[in-house]
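Peer 1: What follows is each chain in one-letter form.
Number of protein chains: 4
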Amino acid sequence: MKSTSHKVSIRKRTTLRIAVLGATGYAGVELLRILIRHPRVRVEIITSQQYAGKRLSEIYPSLAGRCDILLEEIQLDKIASQADLAFAALPHETSMEVVAGLAERGKRVIDLSADFRLHDPATYLRWYRAHKAPGLLREAIYGLTEIHRKEIAKARLVANPGCYPTGAVLGLAPLFAEKMVQGTVLIDAKSGVTGAGRSSAVELSFSEVNENFKAYNVGVHRHTPEIEQELSQIARKPVTVFFAPHLVPMSRGILSTMYVGLKKAPDSERLSKIYNDFYRTDPFIRVLPPGSFPQTKEVRGSNDCAIGFRYDSRAKRLVVITAIDNLVKGAAGQAVQNMNLMFGWPEVEGLTTTALVP
Amino acid sequence: MKSTSHKVSIRKRTTLRIAVLGATGYAGVELLRILIRHPRVRVEIITSQQYAGKRLSEIYPSLAGRCDILLEEIQLDKIASQADLAFAALPHETSMEVVAGLAERGKRVIDLSADFRLHDPATYLRWYRAHKAPGLLREAIYGLTEIHRKEIAKARLVANPGCYPTGAVLGLAPLFAEKMVQGTVLIDAKSGVTGAGRSSAVELSFSEVNENFKAYNVGVHRHTPEIEQELSQIARKPVTVFFAPHLVPMSRGILSTMYVGLKKAPDSERLSKIYNDFYRTDPFIRVLPPGSFPQTKEVRGSNDCAIGFRYDSRAKRLVVITAIDNLVKGAAGQAVQNMNLMFGWPEVEGLTTTALVP
Amino acid sequence: MKSTSHKVSIRKRTTLRIAVLGATGYAGVELLRILIRHPRVRVEIITSQQYAGKRLSEIYPSLAGRCDILLEEIQLDKIASQADLAFAALPHETSMEVVAGLAERGKRVIDLSADFRLHDPATYLRWYRAHKAPGLLREAIYGLTEIHRKEIAKARLVANPGCYPTGAVLGLAPLFAEKMVQGTVLIDAKSGVTGAGRSSAVELSFSEVNENFKAYNVGVHRHTPEIEQELSQIARKPVTVFFAPHLVPMSRGILSTMYVGLKKAPDSERLSKIYNDFYRTDPFIRVLPPGSFPQTKEVRGSNDCAIGFRYDSRAKRLVVITAIDNLVKGAAGQAVQNMNLMFGWPEVEGLTTTALVP
Amino acid sequence: MKSTSHKVSIRKRTTLRIAVLGATGYAGVELLRILIRHPRVRVEIITSQQYAGKRLSEIYPSLAGRCDILLEEIQLDKIASQADLAFAALPHETSMEVVAGLAERGKRVIDLSADFRLHDPATYLRWYRAHKAPGLLREAIYGLTEIHRKEIAKARLVANPGCYPTGAVLGLAPLFAEKMVQGTVLIDAKSGVTGAGRSSAVELSFSEVNENFKAYNVGVHRHTPEIEQELSQIARKPVTVFFAPHLVPMSRGILSTMYVGLKKAPDSERLSKIYNDFYRTDPFIRVLPPGSFPQTKEVRGSNDCAIGFRYDSRAKRLVVITAIDNLVKGAAGQAVQNMNLMFGWPEVEGLTTTALVP
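Chains as they are written, first to last, in numbering that gives the first Met the number 0: chain A, 0 to 357; chain B, 0 to 357; chain C, 0 to 357; chain D, 0 to 357.
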């Protein structure tokens, strides 16, 4: 499949036909929340292993009258013939076979799992397990829109970033691009509970999470290699980070507090200029004035990433804090942003919702 | 001012010019969240007593780049000359003077305070205090859109309903219209905390509200006469209700559980038909199948009102439960819905956002 | 077993030996929180089907150094020989066989499941399923301490009440005892999430419950017959209630708002006297002045039940509101209160903890 | 006053008479929650500027029947004559005058404000303002019990530590005592909302805090010099830390995640030994096995501090995480622990409550 001819064929139709695989997970239903209001697409197929045969609105009544189609099991040939683009919001390690099947059938895919984010099969093996479609790893484009815009536009397979890597890399990229960083960056990240997906784990039950705060997977979280891969590419040399995620008793939002050693003490004007220049043309990035920091609520339900920073001369550390909604910029919103790029549409199409505040 | 000529003059312009008075309260900022994406309006003036001189985005960073205009103090002549419609989201008892001033200047106003909801000045006096613009009370149209659609379309002054009355009356109206109700209806309502507005009261601080549930103003809440006024009008005879509000440790949403005695035991098919017929053409009302009840989350951030009911033959009571977002259908969303009617636009314009789930 | 000889044998020992069956559920661990500080008991055996072989402190680190014994599977003979009293905090419908086995072995048991609360096997069948130990049903004493104090003191098997029935019956008992009630009482109850136990159900996950409010099992909840059984006994005639439970996004607490028709309008002094007289000697009941209502937070972590009431002459309804902690007075605390009675100790022993506020 | 003679005079009485100044703030009411169950004390005087003349149980109904005495204004002479010990839970900068007045009258005081925590008046001036009782600064003992046990026992004035410094210093002390630390320690702390006290600030209202996560006072929080003072004293050389506090949407609890550079890579057995040796005799410190980290819920309502650590060889950083309840070990509980020391009682007296889980 050549993307050029693909674009031509799409443009003949007025509306892009979409399949959402894994539609009843949180990333899946967030995709649908966005896509049903997107002016250029029509959701044609939605799948769910658990709920096949039911209407989506039986599981999510808020979609009644907006997306009442039946959930199906995954049928690759049917998807290939009836959809122009598939979003795969399937569990890690099970997504790869489905994506490979769609790729074989010439379909463009945006995959929200971790399966195609790491370029190196050996790294995937170390943090997950043996990869079943290592050939596709080389072809997949890492879908952090602001960093890989050009490749995404032409991509056949986009590996949508993890929620944590989105918040972390967007906050650090300008510093690594400017080669200002010295030493290991510490990323102390805090996520709302939807980041763990729609889950029946006891430890994610309300009674366990509410009125509680904890760290988990400190130093061993699977998003670590994803962050390092991207920062290394930007820095053009190997980067090591230390990543400590925490669970916040709230539903949505990631705040990433990052501690960065710099080669020399910056002045805040220059820092401001570096961030603002780097994100000059990015509609969803909000760079705050020096010394101001974002809150998760100000991005909740929107595709925004807000970035604040402050250099502390006592500690000789730059603190960078980013806030995203893990389900939007950290998953479904960024996936739609990537779709917009892939089909030559305005990047903000369907994504102009303002954060739900308060 | 005649509304006809008004409409003509508006239609010549492509875009309606809006003033939002009290823009930094929760109803005000929710109005702005909706209005900045409404295709037919432009927000021209925003006012705030507390923050006059600041940019709105300094108080609400989520609106940065979307609504960066300066907050002003209220200047009636300026508003009259630069805005076609004013939304007043001011405190109860202070709104009436501002609204009267705008009415004198021939402006159409949608008032979100309680000041013009009660038709009878004596009732207002009993529950609030002496009214300063009793003449306008007779002119004001109660803005419960589904009940007063025709009058709202022609109204000069719309008194936007309270959040509790919206949830209660929408759930009970079909029963009173069918003259099925016997005895006092009990309304056990539960509201999220934003219903109390942007407040510095200690009893609304996080540490007091969180992990707590309580009733307040049981039997004496000011929304009682509003509910009774509307149900009496529908029933064409005096209706008494008992209203017991409760505070839920969540930000948005009202669930109203209502216990209704009926003149005779209904069959559920007929009940279904009554509700579905009554709301046949109403885009924001979602009548659930008999025996199903709504949750507040399925309407959060949307202008929907979901209605469920179940007749219990043991207790001889019909239970009706409605769910709304107090800031949307219970305030700003319904206000915009009313604006759409007043200017002859599709009722759903600017209000098609789906609930934020999860 | 005769309770008299039993008491004698216990009093020879300085310390009562306790078994807690189902120690890792929320009622079980709450029992342990209370029992490890109780001056007259020693926890000898704790069981868990899921975690047998582990230390309790591995699942609940807060108990490290306070209760580090090993979890075991249930072995009836061992329990019978090593414990003087067993608390059974096992799932409904599985508890009855274990309890029957302990009863056969002459053990006194406080059962926190629903299995022995309903005296009539036919009622149990209707709301649960066929009972496997119907003979014991007749012997079991319903453990609502304030109502059945005398029988509990002599009981061999105490059926500890459900959390909802505790809050409801304590609020209504004085009115039924005085034969003041007319018509069906409506009970609109609101519970924190721990009432559902330690659960892996998706609908109890944080992302589903948080920022949501809903009713469930309206009119069909299994606690209905328990409430009716107790009120009928107090009223000495059949009582029907309508029971509508709701789920509050908080961990602990039940607020029960009850709407009561009265035979004649009461004066509030007389009402106060009725409540205060009824609970004159009850250390855990807090009757509020007329017109005041309790909040759940003021009883959180304590064995208190706070009761408020207000008669509304417009609606001709008495509103009674009670607040309890569902895990303490609604489960483990009341169980310990019953143990104190059964062994002739002061009723408040081990239960003097004040609510955790804020 | 000599403490020796003081002790003698106290021991003659069976019960210590206590005054709690600022009894209606969160630290104050938490003190009362603990003190009313303490077997060796009697609360004689409670003061409140705002509520003088009311009963405490009017503001905190949970204390009805447990502490129903009247709130008074502060009268130094009365306190001096009727109380043996005063806890001052007054606002920073207003406490110092009251404490000085009591010191003049020969009273022993445990001050929960920040006013006497910093030994150097110049440091106090830099972070707060000019000190009005600099002479007392030299006499005051910093009340971090595990570090200054001996001095506290003899102290006339104990400056009870801030909540953040308690969590931070307890986690870091063994490392500094062993001179293992290299470079600036980064402290990324997360606190529940009660840490801000009983407040009417809009930004602490439920609607602002709920479903939100943010950093505040990054690098400029007033607890920074307190942490540095204590660590410098342990290290016997100046220590600089970087302190970044965050606000968690929960009521109680502080989790402090600390990133520590070490002079050489430790093995985890040695680390374990260092921590366990350092806290060998401390009843409230729970050192977790290497690689395990605590959660805030496991200490909620208790005086415990749980400590976990893990060395990461990739990042060459030791991560130390501590969890405390900010109102107990971080305020009122530690104050009572200090009182126990000051009067020669068992350190755990009145503080044996287990955490409220779930």
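For the record, the hints were derived by calculation from the structure and aren't laboratory data.
Careful, some of the hints might be misleading.
[What the hints assert, rightly or not] Straight-line Cα separation of at most 25 Å, BS3-like style, residue types lysine-lysine; simulated pairs:
(1) D:Lys315 to A:Lys263
(2) B:Lys178 to C:Lys272
(3) B:Lys131 to B:Lys178
(4) A:Lys236 to A:Lys262
(5) A:Lys178 to A:Lys131
(6) A:Lys236 to D:Lys178
(7) C:Lys262 to B:Lys315
(8) D:Lys272 to A:Lys315
(9) A:Lys263 to D:Lys262
(10) C:Lys272 to B:Lys262
(11) A:Lys315 to D:Lys53
(12) A:Lys315 to D:Lys77
(13) C:Lys236 to B:Lys315
(14) C:Lys262 to B:Lys262
(15) B:Lys236 to C:Lys236
(16) A:Lys262 to D:Lys262
(17) A:Lys263 to A:Lys315
[Stated by the list, open to error] Stretch by stretch, here's where chain C covers chain A in the computed footprint (C-beta under 8 Å, at least three residues):
(18) 202-210
(19) 246-253
Just so we're clear, the structure is a prediction, and the values are computed from it rather than from any experiment.
Glycine residues also receive a C-beta, built at the ideal position from the N, C-alpha and C atoms.
Peer 1: For each hint given before, does the structure comply? Return the numbers of the non-compliant ones in rising order.
Peer 2: 2, 3, 5, 6, 8, 10, 11, 12 and 15
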